[in-house]
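Q: We have chain A already, so just place chain B on it with the hints.
Going down the list, the protein sequences come from chains A and B.
Position one of the first sequence corresponds to residue 17 (the numbering used here), numbered consecutively onward.
Position one of the second sequence corresponds to residue 17 (the numbering used here), numbered consecutively onward.
Only part of the chain B face toward chain A is listed, based on derived beta-carbon distances under 7 angstroms: (1) C71; (2) S83; (3) C161; (4) E163; (5) H175; (6) E183; (7) C185; (8) L194; (9) L201; (10) S203; (11) R205.
Here are some chain B residues the structure puts well away from chain A; computed CB gaps all over 10 angstroms: (12) Y22; (13) L56; (14) Q58; (15) E148; (16) K149.
Heads up, simulated DSBU-like pairs for lysine-lysine below, C-alpha to C-alpha not over 30 angstroms straight-line: (17) B:K135 to A:K104; (18) A:K54 to A:K30; (19) B:K69 to A:K28; (20) B:K192 to A:K69; (21) A:K29 to A:K118; (22) A:K117 to A:K90; (23) B:K90 to B:K117; (24) B:K54 to B:K69; (25) A:K54 to B:K69; (26) B:K90 to A:K29; (27) B:K104 to A:K135; (28) A:K104 to B:K30; (29) B:K30 to B:K53; (30) A:K69 to A:K30; (31) A:K192 to B:K164; (32) A:K28 to B:K28; (33) B:K30 to A:K28; (34) B:K90 to A:K133; (35) B:K117 to A:K192; (36) B:K192 to B:K90; (37) A:K104 to B:K133; (38) B:K90 to A:K136; (39) A:K28 to B:K29; (40) B:K30 to B:K69.
Don't read these hints as lab results, they were simulated from the structure.
C-beta: ideal position from N, C-alpha, C; glycine also.
The primary structure of each chain is shown beneath.
Protein chains: 2
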Amino acid sequence: MNIGQYTFEEFKKKTEEFHSYAAPGVLVGAYMVELAKKSLPQGTLFEALVETKKCLPDAVQMLTLCSAGNNWMKIVDHGKYALALYDKHTGHGFRVSLSLKKMTAYDEILAWFMRTKPKKEQDVERLWRQIEKAGDSLCDSIPICIEKRFLGHTPSYPHMVCSKCGEACPENNQGKCLACAGEALYSLRL
Amino acid sequence: MNIGQYTFEEFKKKTEEFHSYAAPGVLVGAYMVELAKKSLPQGTLFEALVETKKCLPDAVQMLTLCSAGNNWMKIVDHGKYALALYDKHTGHGFRVSLSLKKMTAYDEILAWFMRTKPKKEQDVERLWRQIEKAGDSLCDSIPICIEKRFLGHTPSYPHMVCSKCGEACPENNQGKCLACAGEALYSLRL
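So that you can see chain A by itself, here it is in the shape it has in the complex:
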């Protein structure tokens, strides 16, 4: 089954370029994203909420204009392979998840998804073939209204200069950026 405008092979290649390898999660996710997209009324300005940080965010970023950097894609890591696309104004949209019941027809997908087979024992060629064959038939889709906290634009906060490192950061009462206030991310190599 094609993935939107792409053949399965084309999308596999695109995945290698973006995600570094043709991860099953991105390929399965791509069918989920396409199903959610076509469920929305044409022309809907939509945003995305992804319920896992593994793989699925990349399927969203590759197939929609929602990205981590424009904040139209939000991730709440419940560790669940599901996503919602919803009208950015009303919050109405569709949540697409994977059905364990429907998955029983595809043993290699089920073993991968439930992690019952160690990675090195997976037959990845067989897994890819099952994913292409299953397409979006593994998906459950339900109409949802997203929680209000995910709607609306994050306001742009005023900037100050950190009194310690001299870099720009969001204004706060301490006069210092979060890194200088204690949350170090790195040490200097001398």
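A: Positioned in the frame of chain A, the structure of chain B alone reads:
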């Protein structure tokens, strides 16, 4: 100044396709990413840490194999326009930030960066021209060693089936997924 293999105009177009519009933050960020990339020894397998969730993550995702979905790009939102690329094994790499001092030669960039001019008063054509002219000359780069907590692969956790919704989720003591345990993300539209 070119952005890696792209002319400025080519990268602007690529940004529209990925990020939805040619955001100044992605364009400035692209020069930062390219500077960090060429500072690393050739062939280094690297990961990325980004210190803001605004725009910069997309420059990283567009110009490296680090992405939100493969977890080679991590975001710690300190609201600072800086990123580090580092060897995924040793943690050694470079942190690139924007220098307020060097920025004083570019009034439109400075006003955008420090948010001293309302968005509707920005001259975006002039801003783009200044960004292209400045290239990576606005950057500060320092050699760093990333904090240990950012190194290493996140282990794959075993999955269970949530006793309430019947979906797969990471194993936990409650027997329910986080959504069913209370953190709802959406309501059903009937």
